[in-house]
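Got chain A; can you put chain W on it based on the hints?
Protein chains: 2
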Amino acid sequence: MPLDSPITLPAWAALNDLAARMQGPEHHLRRLLEAPGRLEAFSVAGGGLFYDYSRQRVIPAVMDALFDLASQRDLVGSFRRMVSGEIVNTTEGRAALHTAARRLDQTPVRVSGRDVMPEIRAVREQIREFATAVHAGRITGSTGKPFRDIVVVGIGGSYLGAAFAAHALAEDARPGMRLHFLANVDIHNFGRVVAAIDPEATLWVVISKSYTTTETMANALQAEHFMRAKGLDPARHTVTVTAKGSPGDDPARPVLAAFHMFDFIGGRYSVTSAVGGVPLSLYLGYERFEALLMGAAEMDQHAAEAPAEENLPLLAALLTVWNTNFLGYPAMGIIPYAEPLARLPAHVQQLNMESNGKSVDLEGRFLAVSTGPIIFGEPGTCAQHSFFQLAHQGRPFPIEFIGVVQPRYSMQDKARHKDVTNHQELWANLVAQSRALAVGKPEGTPERRFEGNRPSSTLLMEDLGAINVGRLLSFYEARTVFEAFVWGINPFDQFGVELGKTMAAGLRRALADQNAGRPLPDDLDPIARFYLRTLAGGRWDQI
Amino acid sequence: MPLDSPITLPAWAALNDLAARMQGPEHHLRRLLEAPGRLEAFSVAGGGLFYDYSRQRVIPAVMDALFDLASQRDLVGSFRRMVSGEIVNTTEGRAALHTAARRLDQTPVRVSGRDVMPEIRAVREQIREFATAVHAGRITGSTGKPFRDIVVVGIGGSYLGAAFAAHALAEDARPGMRLHFLANVDIHNFGRVVAAIDPEATLWVVISKSYTTTETMANALQAEHFMRAKGLDPARHTVTVTAKGSPGDDPARPVLAAFHMFDFIGGRYSVTSAVGGVPLSLYLGYERFEALLMGAAEMDQHAAEAPAEENLPLLAALLTVWNTNFLGYPAMGIIPYAEPLARLPAHVQQLNMESNGKSVDLEGRFLAVSTGPIIFGEPGTCAQHSFFQLAHQGRPFPIEFIGVVQPRYSMQDKARHKDVTNHQELWANLVAQSRALAVGKPEGTPERRFEGNRPSSTLLMEDLGAINVGRLLSFYEARTVFEAFVWGINPFDQFGVELGKTMAAGLRRALADQNAGRPLPDDLDPIARFYLRTLAGGRWDQI
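Those sequence lines, one after another, are chains A and W.
Okay, so the first sequence: first residue is 37 according to the working numbering, each after it adds one.
Okay, so the second sequence: first residue is 37 according to the working numbering, each after it adds one.
Be aware that a few hints might be false.
Heads up, the list lumps identical chains together, so a pair's fine if it works in one copy or across two of them.
[To be verified] BS3-like cross-link-like pairs, simulated, lysine-lysine; straight-line CA separation at most 27 Å:
#1 K477 / K266
#2 K477 / K280
#3 K266 / K450
#4 K537 / K477
#5 K266 / K454
#6 K266 / K537
#7 K181 / K266
#8 K477 / K454
#9 K181 / K477
Bear in mind the hints are in silico, worked out from the structure with no lab data behind them.
Extracted from the complex, chain A is given alone in its bound form (with noise of 0.2 Å):
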C-alpha cells in the first residue's frame, strides 16, 4: 500500500486551520495559560519521565486533530513494526533495532526470520567479561600496566551517544579511569589526547562498522605509530567495534578483542550497542550500562504501548510537526538545567537533524513540506546568559527545558545565597524561563517590552542516574523516528553525506598527487586549486 503525502491525509487539512485559528490574540500563551487545569491538561507521566507541554500553543481542539494525525499515520503501529524487525530502513533494505540492543527479557526479536538476540547477547556478555577482567588487571598493555586510560577513535554515531553519557555519568566513573574522544581527523585532536594519556595504560577503543570511515581509520593509524614509537605492542592495546566480518575483524590484524555491530542498528542509534556498551562498560563499569540499558528498554516499551495521548516521544514529536509545519518555527533549542547533560544537544543534533533532514520520502517523492528543524543548545542558566536574549525579543523558536529533580550534591546545601541553595535558584529559573517566554510583558518602554507567546516544553527526571540517561536517550530516539513516520521519511539513511566524501575523495586524491610530486589535475575547480595551493604554502593574497 502506497504511503499517502502528509498534506493529503484530513488531520493536516484540520491542522492547518487550526494554526490559522492560533495566530489570534485570543490564543496567546498568555491567555490560555489563564485556563484553570492549563497543566493537568497538558502534561503526562510515562516511561520514568515527565513531560510537560503546557506552554505549547496548543488548545484541546489543536491536540486532538494531532491524534487524529497520529492515528492516520499509524505512529504505534509503525513503531511496533520497527520493534519487531520489519525492514523499515527501505532503502538500505534493513531493519531498525536499537530497541532489540536494550532487550533484557527473553522475547525473541527475529529479522526475516531470525532470532537476533542471541548475537545481541553474546556480544554484551562479551563487554561484561572484557570490562571486568579490564577492571580487575587481567587484562593489561604490553608492559603490563593496567588500562587508566580509554580513547573511543570514533566519529558521528560512533561517539556522540557516548560522549554524551559519559559525561552525564561522570560522577560514577570508575576511580583513576579517563575517558578521551578522538573523533576529528584534525591532527589536534589527536595532539591533545596524546599529550592527556599514560601510553602505557591506555587502551584505544576504534568503532566503526565499515571500518573503513575513514577520519577513524586515519586517526587510527596515528594512534598505531604513536604506539609503535613508545615501543608498545598495538595489538595489545587496541579493541575494535564493528561489523563481523570488516578489515577490524580480520584476525590476520589481532587486536585484544572485536565486539560486533549489526547492520540493524544505525550510528546514531547504537549508544546502548557495543558502540556505547564498549566505553561506558571501561569508564563506568558494566552494571552502569546495563542499568543504562534497563532505563532505554523502559522507555521503548512505553513508546510501543502507550496510547497518543501519554505518549510521552509520540506528543514530543506530534508537537515537533505542530511548530515545525503549522507554527512555521525553523528551529528548536534544548535547554538542560543540569550541566551533566551539556552534551544532550550535540547528541540529539546529530540523532535528529541526521534522520530527518530529508526531502524525499519513502516512496520517493519529493515533499511538499518541511522536515526536522535545526537543533542546537546549551545547558542552562548558561543559556540564559548567551543566547536568551534573542528567544525573548529576537527570533522566536520553540524550548524543551529539561530538570533534573535530585542533584548528585547537597551537602552543600549549607551555603545559600538569597537563603535558597543553589540547586534551588537553578530551578527558579528553569520554571521562571518557561513563563517568561510565554507571558511576556507588553509594558514598559519599547526596549522593556516581551511580546511573548513563544512555546516550551519541559521535560523532568528525578536525577541523573544511569538508568534516566536511558530514558532519555530513548525518548529522544523515538521522538525521532514518530516524527519520521509522520513526514513518511526513512529516518535510517544518510545520503545526504555522500556528495562531500566523494568530492573529498577526489582532492585527497589531488593532495596525494601533489605530496608525490605529480601535479594538480587539470580538471581541479579553480576554487579547490587556490586551497589546495595555500595548504601547500601558497599566499593568500596572490590569488
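For chain W alone, coordinates are given in the frame of chain A:
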C-alpha cells in the same frame, strides 16, 4: 538626526528586487561558480585573515547594492564613532569601547572628554605584574603552595570568550597550569570543578561587573565555604574582576587583587579586557594575552579603515543581512575545521545572538524586518557526521567555514592514511563541503540527489597562535556591530534577559519561604506551584 528604518533606504528596495532575481535557475550557485574569476572577484584578504565569499548567493549587482546599503547606513563611520568613544549604547547612556581594551599605541580615547587609556593601561600592567608574581611563586595560596588551578567564576560574557580562547591556545598553556570554569549555578558544575582541583593550589577568579550576578555570587559563596572547610583563607585564594567600587572591590572584603572592569565594555565584548586578561594571563602568560590584543587591534584597525569592498567584518555583516533579510535564512552555522576552535560557535552564539536578537530600533520603533539569525555549530569534520545531512538535503542554512593553514602538530605527518596527512584530509573535506553544498548533484535516485545552491563562506587563518585568535575575536565583534548598524539596533544592551530574571527572583523568594517553613505565596501561578512542590519531594504523577 533621526535614524531611518532600513526598509526606507534605496538600497533596501534594490536588494529586494535582486533577491527575487536570484531565485532563477541562472543564479543557482552551480551556474555562478562557472564564471571565470569567481574566487578572485568574491574574496579578500585583510586584518591578517582571508575571507572567501565566492560560494555565497551573490552577483556583482548584489554586492553593489550591499555596498550602497553600507554607505547609506554609514557603517564605517558608525564604527569609527564607536571606536572614538561616542555614546553609542544609547539606552544605557554608555560608550562601547572594547576596541580601546586592546589599543597598544599611545592615542588617547576620550569618553565625555576624559581619556580612558591610562586606566586601561593601568589594569593591563596590574594583570602583567600579578600573573608574573603568581608564575614566579611570589604570590601563593594561604599554605604557601604555588597556584596551579585557576577557577574562573563567571557566566555569559564573563567566561565564554576566555573559555574559547583558552581552549584554542591550550598548547601554549604554562606547564602544569590548569584552567576551570564555574559558570552554571547548577551545583553539578561546582561539584565537578572541586573534584578536579588541588584546593591549596587553587586561585578563584570571580568575574562580575556589578558583583551581584546571581549565579556568580552563589558560586563564589560555595567557593568560600569550600575554602574555609579546607582550612584555607579565602582572601588569599581569590581575586575579583569587577567594576570599581562594586561589592567585589570593597576593602572590607579583602582579596589578593581586584581588577577593574569599565562600564564602556559590555560583557560579551570583554574578552580583551581584564575579564579575559586575568584568566588568560594566568593560564598562558601575559605575553600571549598581549599577542591576542595585538591581533584584535589589527582587525579593529582594518574594520575602521578598509573600504567596504575590502573590509572583512563589514562584508561578512552585509552577507548576514543579505542571507537573513533577503534570502530568508533563519540560521547560520559556524563550522571551524580545527578542534581548538571548538568553543568558537558558543562564543559567537552569545556575542551575536545577545547583541542582535532584538526587535526594537534605536528610535524605539518595532522593526519591520527580522534581525540576527540563530547561530550554532560544531567543528568539522565532526559536523559532517552529525547535522550535515540536514545541511545538504534538508532545510538550507548558510555556513561559515573556518580553515587553518598551518597546524601545530606536524611530526605525525609520517603516518599517512591514503597518502595524505590528517591535516590534508581535513582540508580536502573543508574544500569539498562548501563546493558540494553549492553545486549539489541533480542526478541519481531521488534520495541520492542534492539540490545544491546552499551558500557558504570560508575564513582562513594562517595558524592557531594568539595573534590569529585575537584577529578572529575582533572579526566577530566587528561583524556583529556592523550588522546592528544596518538594522539600526543597539547591539550593546540586553533588556531581553530582564523578564526571566525578575520572575526567577519571585520564585526564589517563594523557595526561601518554603525553606523557612512558610507557605508558598497565594498568588503563585499553578504551574510554578507544581514545580516547586515537585522539587520539595512531591510526586509528579499526582498533580
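How the hints compare with the structure:
Taking the shortest alpha-carbon separations for K477 and K266, neither the intra-copy value of 64 Å nor the inter-copy value of 46 Å comes in at or below 27 Å. In this assembly of identical chains, the alpha carbons of K477 and K280 never lie at most 27 Å apart, being 60 Å within a copy and 33 Å across copies at closest. Taking the shortest Cα distances, K266 and K450 sit within 27 Å of each other only across copies (15 Å), while inside one copy they are farther apart (49 Å). When the C-alpha separation of K537 and K477 is checked against a cutoff of 27 Å, the pair qualifies only between copies, where the shortest distance is 13 Å, while the shortest distance within a copy is 49 Å.
Taking the shortest alpha-carbon separations for K266 and K454, only the inter-copy value of 23 Å comes in at or below 27 Å, while the best intra-copy value is 55 Å. Taking CA atoms no more than 27 Å apart as the test, K266 paired with K537 passes in neither setting, with 33 Å inside one copy and 54 Å between copies. Proximity of K181 and K266 under a CA criterion of 27 Å is satisfied intra-copy only: 14 Å inside one chain copy versus 34 Å between copies. When the C-alpha separation of K477 and K454 is checked against a cutoff of 27 Å, the pair qualifies only within one copy, where the shortest distance is 25 Å, while the shortest distance between copies is 60 Å.
In the homo-oligomer, the alpha carbons of K181 and K477 never lie at most 27 Å apart, since the shortest distance is 63 Å inside one protomer and 52 Å across protomers.
When the structure is compared with the earlier hints, violations turn up for hints 1, 2, 6 and 9 and for no others.
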